[in-house]
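S.K.: The residues making up each chain are set out below.
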Amino acid sequence: ETGVTQTPRHLVMGMTNKKSLKCEQHLGHNAMYWYKQSAKKPLELMFVYSLEERVENNSVPSRFSPECPNSSHLFLHLHTLQPEDSALYLCASSQDLGEEQFFGPGTRLTVL
Amino acid sequence: AQSVTQLGSHVSVSEGALVLLRCNYSSSVPPYLFWYVQYPNQGLQLLLKYTSAATLVKGINGFEAEFKKSETSFHLTKPSAHMSDAAEYFCAVTMYSSASKIIFGSGTRLSIRP
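Chains A and B supply the protein sequences, listed in that same order.
FYI, the numbering for the first sequence is 3 to 114, going by the numbering used here.
FYI, the numbering for the second sequence is -18 to 95, going by the numbering used here.
If we strip away everything but chain A, and leave its shape as in the complex, we get (with noise of 0.2 Å):
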């Protein structure tokens, strides 16, 4: 494997369920982050991590939980989550923090 990859692809999931989306990146890089992407709707930046810890935290709510056990590792908890949770979550990793972004294909996530 090369570059960002993200599993699963596709999850639906029910409001109670709970889930997590991985993502890993075979770059050697040292930041990774997640985003989530609505229908008309500007990429929303949700969590930065840097050398494993989280130095951005967008006032998400707390039904998405992150974990970054190694750099080259991210994970993404869902719990109890919404219908307008509905979107496309990205994950990407840079060299550093600030520099061009490489991103994973994503995860479509239907709540219904």
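Think of the hints as simulated: they come from the structure by calculation, not from any bench.
Bear in mind the structure is a predicted one, so any value in this text is a computation, not a measurement.
By construction, the Cβ of each residue, glycine as well, lies at the ideal position given by its N, Cα and C atoms.
Don't take every hint at face value.
As a list, the in silico DSS-like pairs of lysine-lysine whose alpha-carbon atoms are at most 27 Å apart [unchecked claim]: (1) K38(A) <-> K30(B); (2) K38(A) <-> K82(B); (3) K50(B) <-> K30(B); (4) K42(A) <-> K24(A); (5) K82(B) <-> K39(B); (6) K43(A) <-> K82(B); (7) K30(B) <-> K49(B); (8) K82(B) <-> K42(A); (9) K39(B) <-> K49(B); (10) K42(A) <-> K21(A); (11) K24(A) <-> K38(A); (12) K39(B) <-> K50(B); (13) K43(A) <-> K30(B); (14) K24(A) <-> K82(B); (15) K42(A) <-> K30(B); (16) K30(B) <-> K82(B); (17) K50(B) <-> K82(B); (18) K38(A) <-> K21(A); (19) K82(B) <-> K49(B); (20) K21(A) <-> K43(A); (21) K20(A) <-> K38(A).
Each pair of labels, with its calculated beta carbon distance range [claimed, not checked]: (22) T18(A) <-> S(-5)(B): 28 to 38 Å; (23) E69(A) <-> S(-7)(B): 36 to 46 Å; (24) G(-3)(B) <-> S64(A): 50 to 60 Å; (25) S67(A) <-> S87(B): 23 to 33 Å.
Chain B: place on chain A using the hints.
M.R.: For chain B alone, kept in the frame of chain A given last:
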């Protein structure tokens, strides 16, 4: 504070015509600027970036952009559109320092007419 404005949420051009996607930024310090492209059901892919070297930046797929400080602009152009250029394009800005985030514009959807 930094911000990015992309003029026109949707641009349509004929195949072979000039592509011009507009981006204006505001930043208190000289910025890094980026253009990304997103094809359907995919993540964003870097087209090109400006990091204070040459003001005319060449990217992949025949695209280029010119940094104009006096106009605070970084418009994306391609001389001759191809059907495969149909996608969403995002302009983005960050500061020189190790900023924790890149600010993305709202995107411009490019359609190509046969």
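S.K.: Decide, hint by hint, whether the structure agrees.
M.R.: These are the hints, each one checked on the structure:
Between the alpha carbons of K38(A) and K30(B) the distance comes to roughly 23 Å, so the proposed pair stays at or under 27 Å and holds. The hinted pair formed by K38(A) and K82(B) meets the criterion: a straight-line CA distance of about 14 Å does not exceed 27 Å. For the hint linking K50(B) to K30(B), the alpha-carbon distance of about 15 Å falls within 27 Å, and the restraint holds. At roughly 25 Å between alpha-carbon atoms, K42(A) and K24(A) fall within 27 Å of each other, so this suggested pair holds.
Taking the CA atoms of K82(B) and K39(B), the gap is near 24 Å; set against the 27 Å cutoff, the hint holds. As the CA atoms of K43(A) and K82(B) are separated by approximately 18 Å, the hinted pair is consistent with the 27 Å bound. The suggested pairing of K30(B) with K49(B) holds, with an alpha-carbon distance near 14 Å, which does not exceed 27 Å. With a C-alpha separation of about 21 Å, the suggested pairing of K82(B) with K42(A) holds against the 27 Å cut-off.
Proposed proximity of K39(B) and K49(B) is supported: the alpha carbons are some 15 Å apart, at most 27 Å. The suggested pairing of K42(A) with K21(A) holds, with an alpha-carbon distance near 26 Å, which does not exceed 27 Å. This hinted pair checks out: K24(A) and K38(A) have alpha carbons roughly 14 Å apart, not beyond 27 Å. Between K39(B) and K50(B), the direct Cα distance comes to roughly 17 Å. Compliance with the 27 Å bound is thereby established for this hinted pair.
A C-alpha spacing of about 23 Å is found between K43(A) and K30(B), which places the hinted pair at or below 27 Å, so the restraint holds. A C-alpha spacing of about 21 Å is found between K24(A) and K82(B), which places the hinted pair at or below 27 Å, so the restraint holds. Using a Cα cut-off of 27 Å, the hinted pair K42(A) and K30(B) holds, with the two alpha carbons roughly 25 Å apart. The straight-line distance between the Cα atoms of K30(B) and K82(B) is roughly 15 Å, inside the 27 Å bound, and the hint therefore holds.
Our distance criterion of 27 Å between C-alpha atoms is met by K50(B) and K82(B), whose separation comes to about 22 Å. Annotation: proposed proximity of K38(A) to K21(A) holds, straight-line Cα distance about 16 Å (limit 27 Å). A C-alpha spacing of about 23 Å is found between K82(B) and K49(B), which places the hinted pair at or below 27 Å, so the restraint holds. Of the supplied pair hints, the one linking K21(A) and K43(A) holds, its CA atoms being roughly 24 Å apart against a limit of 27 Å.
For the hint linking K20(A) to K38(A), the alpha-carbon distance of about 18 Å falls within 27 Å, and the restraint holds. At about 50 Å, the CB distance of T18(A) to S(-5)(B) disagrees with the hint of 28 to 38 Å. Our hint of 36 to 46 Å for E69(A) and S(-7)(B) holds, since their Cβ atoms are close to 43 Å apart. At roughly 52 Å, the beta-carbon separation of G(-3)(B) and S64(A) lies within the given 50 to 60 Å, and the hint holds.
Distance hint for S67(A) and S87(B): a CB-CB separation of about 28 Å, consistent with the stated range 23 to 33 Å.
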